[in-house]
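Going by the numbering used here, the sequence shown opens with residue 1, and the numbers climb by one from there.
It is worth saying that the hints were derived from the structure and are not from the lab.
Among these hints, one or two may not hold up.
In silico SDA-like cross-links for lysine to any residue, where the CA-CA straight-line distance does not exceed 25 Å [as the list claims (entries may be wrong)]: (1) K268 / D278; (2) K50 / L141; (3) K144 / E103; (4) K100 / K50; (5) K44 / H13; (6) K123 / G89; (7) K157 / K274; (8) K170 / K157; (9) K44 / D62; (10) K156 / E99; (11) K100 / G89; (12) K144 / D62; (13) K123 / E140; (14) K52 / P271; (15) K47 / R82; (16) K156 / H13; (17) K293 / I49; (18) K144 / K65; (19) K156 / D193; (20) K156 / K170; (21) K170 / E134; (22) K123 / I49; (23) K65 / G89; (24) K157 / G248; (25) K293 / Y95; (26) K65 / K123.
What follows is a list of derived Cβ distance ranges for each label pair [said to hold, decoys possible]: (27) D62 / D3: 36 to 44 Å; (28) M1 / K157: 17 to 25 Å; (29) G127 / D3: 47 to 55 Å; (30) A286 / Y262: 43 to 51 Å.
Note that beta-carbon positions come from the ideal geometry of N, C-alpha and C, so glycine has one too.
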Amino acid sequence: MADVDRFLFRDLHPGLFLGTASDRYAGWLGQIYTPERYAGRISKRPKTIKGKIFQEAVLPLDSVKEYFQHFSVLEVDYTFYRPLLDEKGRPTSNYFLLEKYAEWMSGEDTLILKVPQAVMARKVFRGPRYENNETYLDPELFTKGFYRPAVQLLGKKLGGFLFEQEYHRKEERRSAAETAEELRRFFSSIPRDDRYHLELRTETYLDPSVFEVMAAFGIGQVLSHWTWLPPLPRQFERSGRRFFNGQGNALIRLMTPLGMRYEDAYEKAFPFDKLVEDMLQPRMIADTVRMIKIGIEQGMRMQVIVNNRSGGNAPLVARRIAEVFAGVS
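Generate coordinates for the entire structure from the input sequences, incorporating the hints supplied.
Rendered as structure tokens:
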């Protein structure tokens with residue numbers, strides 16, 4: 001039963017599923033996680049942002065079970081950094097980590113997996129610079145190194161695949177028609193699946209030629225509240241106010257405030273234990289609720305993923321959304 005005051009977001013509405021981008025944050029103790037359960041079991045991991053080292057406090061893996069008492073879906077971000085199988089077909093560390101996640105999940109809990117950047121990024125960071133990615137949109141890498149092992153590992157717990165393409169600067173961009181053709185070739189060469197969702201972070205690619213490909217393959221358009229993208233309703237208008245996902249799911253991701261770079265958002269949000277009012281944009285909440293209601297009216301299952309960097313603390317941002325959706329704020 002939903003109880004927004006206690007951060008219990010399951011069962012808010014049959015068509016609404018709230019979750020977060022990543023989990024196990026110690027900043028959520030007292031909200032999502034019971035402090036006594038993890039006493040003496042919190043580890044630290046360093047993260048360097050703009051030359052400054054931040055020590056993230058991380059809970060143990062068994063906290064996944066408590067997470068799903070509050071949320072119905074979780075976006076797994078670590079799969080972005082390497083496939084599940086290496087080039088020789090051997091399980092990577094991500095395979096074993098995902099396997100452990102599955103052990104703490106119940107039958108109704110679902111994961112959205114971020115497709116590796118080795119598949120989706122035109123350029124990847126190697127050493128001091130970004131270089132062209134030779135496995136960009138490689139159907140074999142995706143199918144053998146990620147898709148098949150993910151399906152085998154998770155079964156019905158696998159709720160979606162998130163294909164996130166990085167922002168392309170003006171001098172790096174191809175035409176929308178070229179991008180559409182690249183995507184058509186790729187999705188023609190991988191297993192058909194209604195759990196695919198595509199996030200394009202370059203506004204010029206939000207074009208009818210690209211949307212035609214998405215519609216043809218039943219690929220959902222991710223509505224993303226992210227640095228250089230327009231507001232959520234404008235993204236929806238660009239697609240002709242249509243939902244494309246063949247499974248009837250729509251994905252909204254709240255990543256960063258509009259106009260704010262990743263590094264600045266991270267620095268403002270850290271250590272992710274409270275709302276940061278001067279970074280939380282009220283329009284983001286209003287637009288998200290508006291899109292939720294439009295989707296539900298069209299019979300869609302609306303999945304909303306909240307990142308700490310969107311306002312300081314993902315559970316509190318989720319609470320704001322739930323309150324406005326329910327008409328109590």
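List, from low to high, the hint numbers that the structure doesn't satisfy.
Hints 2, 4, 5, 7, 8, 12, 17, 18, 20, 23, 25, 26, 27, 30 are the ones this structure does not satisfy, whereas the remaining hints hold.
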